[in-house]
Amino acid sequence: DTGVSQNPRHKITKRGQNVTFRCDPISEHNRLYWYRQTLGQGPEFLTYFQNEAQLEKSRLLSDRFSAERPKGSFSTLEIQRTEQGDSAMYLCASSITVSANTGELFFGEGSRLTVL
Amino acid sequence: AQTVTQSQPEMSVQEAETVTLSCTYDTSESDYYLFWYKQPPSRQMILVIRQEAYKQQNATENRFSVNFQKAAKSFSLKISDSQLGDAAMYFCAYNRDDKIIFGKGTRLHILP
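Line order of the protein sequences matches chains F and S.
Using our numbering, read the first sequence as starting at 18 and increasing by one per residue.
Using our numbering, read the second sequence as starting at 644 and increasing by one per residue.
Just so you know, the hints here were simulated from the structure itself, not pulled from any lab data.
Please read these numbers as outputs of a predicted model, since none were measured by experiment.
Among the clues, some could well be false.
Claimed, not checked - Calculated pairs, DSBU-like style, for lysine-lysine (alpha carbon to alpha carbon, straight line, at most 35 Å):
#1 S:K747 x F:K28
#2 F:K31 x S:K747
#3 F:K88 x F:K28
#4 F:K31 x F:K88
#5 S:K716 x S:K698
#6 F:K31 x F:K74
#7 F:K88 x F:K74
#8 S:K716 x S:K747
#9 F:K74 x S:K713
#10 S:K698 x F:K74
#11 F:K88 x S:K747
#12 S:K721 x S:K698
#13 S:K721 x S:K747
#14 F:K74 x S:K747
#15 S:K698 x S:K747
#16 S:K716 x F:K74
Could you build all of it, start to finish, from the sequences and the hints given here?
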């Protein structure tokens with residue numbers, strides 16, 4: 018399978034705990050995006066990388082959230098001191114630069130977070 | 644504010660019939676792309692169709708076509724000959740500053 022891979026697919030945690038999600042993009046894709054999707058809503062942009070550089074962070078990304086993409090390959094999204102409002106599906110998408118400008122993002126199946 | 648509005652939270656269509664999903668958007672850009680993405684239950688989102696704003700001709704991809712009205716900032720999706728596999732959430736979106744902005748989606752049910 019050469020698509021975008023996200024792990025874990027499901028995570029249940031208690032409030033206050035830290036969680037980390039991993040995204041493995043399509044290998045030749047230099048752009049990587051993180052989105053958050055809550056029930057009944059469309060995906061909301063969180064942040065994106067071009068290679069290893071984090072180019073933009075949404076105001077939705079509080080100080081408790083941090084994302085990295087070391088070596089421009091896989092990416093991690095860490096949420097510290099989770100809150101119940103963090104419960105959502107976290108989507109990762111990748112693309113090559115030209116395709117990203119024209120909207121063709123390739124999404125993973127998402128990581129669903131439930132905070133109790 | 645630059646937004647995407649999908650006014651139909653849910654829609655149903657009989658198999659083999661035609662359905663149209665509505666979308667309006669608001670952008671101050673003169674050149675942009677508009678998209679419809681499909682998210683099947685428990686599966687990843689995929690791009691269905693794309694429209695370049697400077698092109699007047701409406702995009703078509705097999706059974707999927709759009710009605711793009713630039714002055715009205717309207718971008719509807721028509722699905723012809725609906726199939727059971729078309730059942731999904733459909734998101735209207737546009738690109739802004741290297742990222743894609745999505746609407747809230749329309750859940751499409753296909754009735755056998």
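Verification of the supplied hints:
1. For the proposed pair K747 of chain S and K28 of chain F, the alpha carbon gap of about 24 Å is at most 35 Å, so the pair holds.
2. This hinted pair checks out: K31 of chain F and K747 of chain S have alpha carbons roughly 28 Å apart, not beyond 35 Å.
3. For a cut-off of 35 Å, the pair hint linking K88 of chain F to K28 of chain F stands: about 26 Å separates their Cα positions.
4. For the hint linking K31 of chain F to K88 of chain F, the alpha-carbon distance of about 32 Å falls within 35 Å, and the restraint holds.
5. A C-alpha spacing of about 14 Å is found between K716 of chain S and K698 of chain S, which places the hinted pair at or below 35 Å, so the restraint holds.
6. Restraint check for K31 of chain F and K74 of chain F: satisfied, since their Cα atoms lie roughly 26 Å apart, inside the 35 Å limit.
7. For the given pair, K88 of chain F sits about 19 Å from K74 of chain F by alpha-carbon distance, which is consistent with the 35 Å threshold.
8. Distance check on the hinted pair: K716 of chain S and K747 of chain S sit about 17 Å apart at the alpha-carbon level, within 35 Å; holds.
9. A hinted pair counts as satisfied when its Cα atoms are at most 35 Å apart, and K74 of chain F with K713 of chain S qualifies at roughly 30 Å.
10. Between the alpha carbons of K698 of chain S and K74 of chain F the distance comes to roughly 31 Å, so the proposed pair stays at or under 35 Å and holds.
11. For the hint pairing K88 of chain F with K747 of chain S, the CA-to-CA distance comes to about 34 Å; that is within 35 Å, so the pair holds.
12. Restraint check: the Cα-Cα separation between K721 of chain S and K698 of chain S comes to about 18 Å, which is no more than 35 Å; the hinted pair holds.
13. Restraint check for K721 of chain S and K747 of chain S: satisfied, since their Cα atoms lie roughly 18 Å apart, inside the 35 Å limit.
14. The straight-line distance between the Cα atoms of K74 of chain F and K747 of chain S is roughly 21 Å, inside the 35 Å bound, and the hint therefore holds.
15. As the CA atoms of K698 of chain S and K747 of chain S are separated by approximately 26 Å, the hinted pair is consistent with the 35 Å bound.
16. Between K716 of chain S and K74 of chain F the CA atoms are separated by roughly 27 Å; this keeps the pair inside 35 Å, and the hint holds.
Violated hints for the displayed structure: none, as all numbered hints are satisfied.
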